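**Student:** Chains as they are written, first to last, in this note's numbering: chain V, 1 to 374; chain F, 1 to 374.
Hints in this document: simulated from the structure, not taken from any laboratory. All figures in this text were calculated on a predicted structure; none of them were measured in a lab. Each hint can be trusted.
Copies of one chain are not kept apart here, so a pair can be met inside one copy or by any two copies together.
In silico lysine-lysine, DSBU-like type, Cα no more than 35 angstroms apart, as pairs:
id: 1; residue 1: 124; residue 2: 55
id: 2; residue 1: 235; residue 2: 298
id: 3; residue 1: 121; residue 2: 55
id: 4; residue 1: 235; residue 2: 41
id: 5; residue 1: 22; residue 2: 298
id: 6; residue 1: 371; residue 2: 121
id: 7; residue 1: 298; residue 2: 230
id: 8; residue 1: 30; residue 2: 124
id: 9; residue 1: 121; residue 2: 30
id: 10; residue 1: 22; residue 2: 124
Spelled out from the first residue to the last, the chains are:
2 protein chains.
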Amino acid sequence: MALMNYLTQCTFDHGALEQTPKILDRLGVKRPFVVTDPGLKANGLLAALLAALGKEPAGVFTDTPPNPTESASEIAAEAYRAGQCDGIVAFGGGSSMDLAKAVGLMVNHTRPFEELGGSVKGMKHIGPIPPLVAIPTTAGTGSEVSPGAVVILKNGRKETFVSPHLVPKAAICDPDLTIGLPPSLTAATGMDAMTHCIEAVLTPVVHPPAEAIGVDGAERIGIWLERAVKNGEDKDARWHMMMGSFEGALAFSKGLGAVHGLSHALGRIEALKLHHGTLNAVILPHSLAMIGNQAEAKFARLRRALGLGPNGDLPQYIADLNARIGLPANLRAMGVNEEHGADAIDYAVTDLATASNAIPFEAEQYRDLFKRAL
Amino acid sequence: MALMNYLTQCTFDHGALEQTPKILDRLGVKRPFVVTDPGLKANGLLAALLAALGKEPAGVFTDTPPNPTESASEIAAEAYRAGQCDGIVAFGGGSSMDLAKAVGLMVNHTRPFEELGGSVKGMKHIGPIPPLVAIPTTAGTGSEVSPGAVVILKNGRKETFVSPHLVPKAAICDPDLTIGLPPSLTAATGMDAMTHCIEAVLTPVVHPPAEAIGVDGAERIGIWLERAVKNGEDKDARWHMMMGSFEGALAFSKGLGAVHGLSHALGRIEALKLHHGTLNAVILPHSLAMIGNQAEAKFARLRRALGLGPNGDLPQYIADLNARIGLPANLRAMGVNEEHGADAIDYAVTDLATASNAIPFEAEQYRDLFKRAL
Chain V
1 MALMNYLTQC
11 TFDHGALEQT
21 PKILDRLGVK
31 RPFVVTDPGL
41 KANGLLAALL
51 AALGKEPAGV
61 FTDTPPNPTE
71 SASEIAAEAY
81 RAGQCDGIVA
91 FGGGSSMDLA
101 KAVGLMVNHT
111 RPFEELGGSV
121 KGMKHIGPIP
131 PLVAIPTTAG
141 TGSEVSPGAV
151 VILKNGRKET
161 FVSPHLVPKA
171 AICDPDLTIG
181 LPPSLTAATG
191 MDAMTHCIEA
201 VLTPVVHPPA
211 EAIGVDGAER
221 IGIWLERAVK
231 NGEDKDARWH
241 MMMGSFEGAL
251 AFSKGLGAVH
261 GLSHALGRIE
271 ALKLHHGTLN
281 AVILPHSLAM
291 IGNQAEAKFA
301 RLRRALGLGP
311 NGDLPQYIAD
321 LNARIGLPAN
331 LRAMGVNEEH
341 GADAIDYAVT
351 DLATASNAIP
361 FEAEQYRDLF
371 KRAL
Chain F
1 MALMNYLTQC
11 TFDHGALEQT
21 PKILDRLGVK
31 RPFVVTDPGL
41 KANGLLAALL
51 AALGKEPAGV
61 FTDTPPNPTE
71 SASEIAAEAY
81 RAGQCDGIVA
91 FGGGSSMDLA
101 KAVGLMVNHT
111 RPFEELGGSV
121 KGMKHIGPIP
131 PLVAIPTTAG
141 TGSEVSPGAV
151 VILKNGRKET
161 FVSPHLVPKA
171 AICDPDLTIG
181 LPPSLTAATG
191 MDAMTHCIEA
201 VLTPVVHPPA
211 EAIGVDGAER
221 IGIWLERAVK
231 NGEDKDARWH
241 MMMGSFEGAL
251 AFSKGLGAVH
261 GLSHALGRIE
271 ALKLHHGTLN
281 AVILPHSLAM
291 IGNQAEAKFA
301 RLRRALGLGP
311 NGDLPQYIAD
321 LNARIGLPAN
331 LRAMGVNEEH
341 GADAIDYAVT
351 DLATASNAIP
361 FEAEQYRDLF
371 KRAL
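Turn these sequences into a full structure, and let the hints guide you.
**Tutor:** Structure representation (structure tokens):
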């Protein structure tokens with residue numbers, strides 16, 4: 001069993017779920033609160049977690065929405081308090097982990113939730129949250145090691161919360177939990193991780209260790225994603241995809257870019273309920289095409305990692321990969337149309353990820369990116 | 001200025017030394033104790049630190065020996081207590097940092113020092129030490145981010161102390177501090193970092209992010225070490241060598257190997273006062289030759305990073321690099337002879353680094369390694 005300490009202590013391997021009680025013990029958590037979603041209740045994975053825990057948790061919230069909201073977080077926080085819980089187990093994809101972080105913020109802070117948001121420089125108001133153990137059931141978000149959470153506020157804003165206090169105290173990465181993930185979700189979450197790796201490498205922020213990890217993650221995902229999509233029971237492919245996801249999140253401590261800016265913007269369209277990873281996948285080739293030779297040294301690094309020749313076409317490689325793993329060819333195929341553009345662009349320029357894009361992006365560039373991706 | 005959070009928070013760039021007061025403030029240190037060595041007092045770098053601090057520290061210990069000892073640490077610990085200090089600034093190479101960690105252990109623990117050592121499984125007895133800020137003045141040891149310290153005990157043992165509590169709370173990496181480092185020391189410390197990267201990559205421990213960082217560090221050192229040796233005032237070369245050293249230490253959270261096992265063993269010969277980095281440099285090609293094709297995938301990765309062709313000779317590459325940067329060709333040239341073998345081998349098999357070597361190493365293999373390196 002690999003034990004990895006960076007910001008998070010991560011226990012990573014097939015069967016790691018069984019370590020949960022030991023890890024909660026080590027963190028002094030006696031009354032854990034489990035945050036998960038309806039899908040994991042339905043497919044039996046929640047039952048597997050409860051069996052691994054070996055005792056009834058002090059509270060369980062199974063109603064995490066596909067995109068976490070402030071309202072849902074409030075309901076969960078109330079249940080946390082009612083159960084006199086002393087720690088949180090986030091079990092699921094990025095949504096459950098982000099909602100768990102929101103619960104942690106709410107139960108330990110008296111300040112209005114929205115004042116803790118990144119866009120209003122709320123980081124300085126964020127203190128410790130209860131011990132949080134993150135157990136991902138998808139391989140993509142990397143929220144298990146990231147200091148961020150994205151939550152839709154009551155005021156409609158899709159806000160990013162960032163603080164070292166939001167990094168889970170421990171991550172339990174068990175690739176076996178992703179065995180049952182359907183091909184479409186394997187593809188979409190996998191491309192989320194790929195986008196993390198690539199945007200993190202490309203951002204001009206100087207952080208060589210994170211960049212090296214991002215390059216390694218991109219290489220890994222390039223090799224294994226297609227296999228994981230084609231045969232969900234390929235345990236090696238699942239291991240490497242979960243590792244690529246973990247690496248993507250370590251890498252994006254450097255920052256992200258315009259793919260995430262536009263993806264966050266479009267993810268706010270309630271009626272469409274667009275998947276964050278699918279949005280990233282669809283937008284990524286177009287962002288890469290716009291960056292073009294303005295980040296040539298890093299493009300060369302990525303081409304080498306992805307097994308492309310020195311003249312390989314990186315944007316085309318991503319577009320082809322998307323096609324092979326069954327992701328939509330453009331935003332229009334996902335239900336987006338011209339009318340969504342103006343609001344999305346207005347939002348995207350204010351997104352935290354925009355500031356660290358490989359090249360400066362303002363409304364003009366986002367208009368171009370939206371048009372290309374549509 | 002790059003702000004990097006892994007285990008340590010690291011402020012890294014030309015001129016970073018100026019950030020020292022701000023970082024001490026952030027850690028709540030009001031009465032810092034400075035640990036350094038006579039060379040840095042003599043060459044004016046200590047004066048630069050004191051100027052950057054802007055006020056007299058509560059204590060200064062300038063007598064760190066080339067290989068830190070328990071006795072010297074005790075004298076420093078007494079000065080720390082006498083100065084009613086509340087934090088430590090380690091300023092120097094690996095020796096000052098390791099001695100600073102020993103002081104931290106002594107002032108915060110009542111248990112006999114030797115019982116905290118790694119070889120007697122003392123890690124479990126190690127609790128928090130006072131806030132420690134590490135400011136390296138060489139590029140090699142990486143002690144500024146590592147959880148370890150090597151100290152010669154009164155009983156003669158060269159003991160390794162390991163605990164997450166020994167990771168400095170903050171590192172300040174200012175490549176300008178290495179500008180005056182003479183070519184011989186630049187070479188020796190640089191090859192120490194190279195050995196960290198290579199042995200960390202080769203250990204079979206599974207930790208892909210650390211491995212990616214090690215590969216990146218090896219590539220960087222391969223490009224920049226010779227330039228830093230040839231022109232000590234090449235600021236870019238100094239930046240990259242300090243980064244390679246930082247990466248080497250992040251990487252070796254995976255573990256090290258037999259080069260370090262034998263190097264620690266020979267470093268114990270008081271009469272010779274052998275430099276740890278030089279020992280590593282001299283032993284490394286021979287360890288690589290013995291590992292040979294038993295770690296082929298990792299050798300391939302390292303060859304690629306170091307710009308060698310698919311059939312490139314990795315051990316020969318290191319031997320050639322050593323020669324170009326003026327390091328000795330063998331142990332005999334350093335004063336070691338056959339008579340040092342038996343004791344060194346006895347010690348090396350018990351060294352912590354041996355357990356994580358790329359291939360199993362016992363007395364027989366160490367005899368072979370010693371013979372080859374002699």
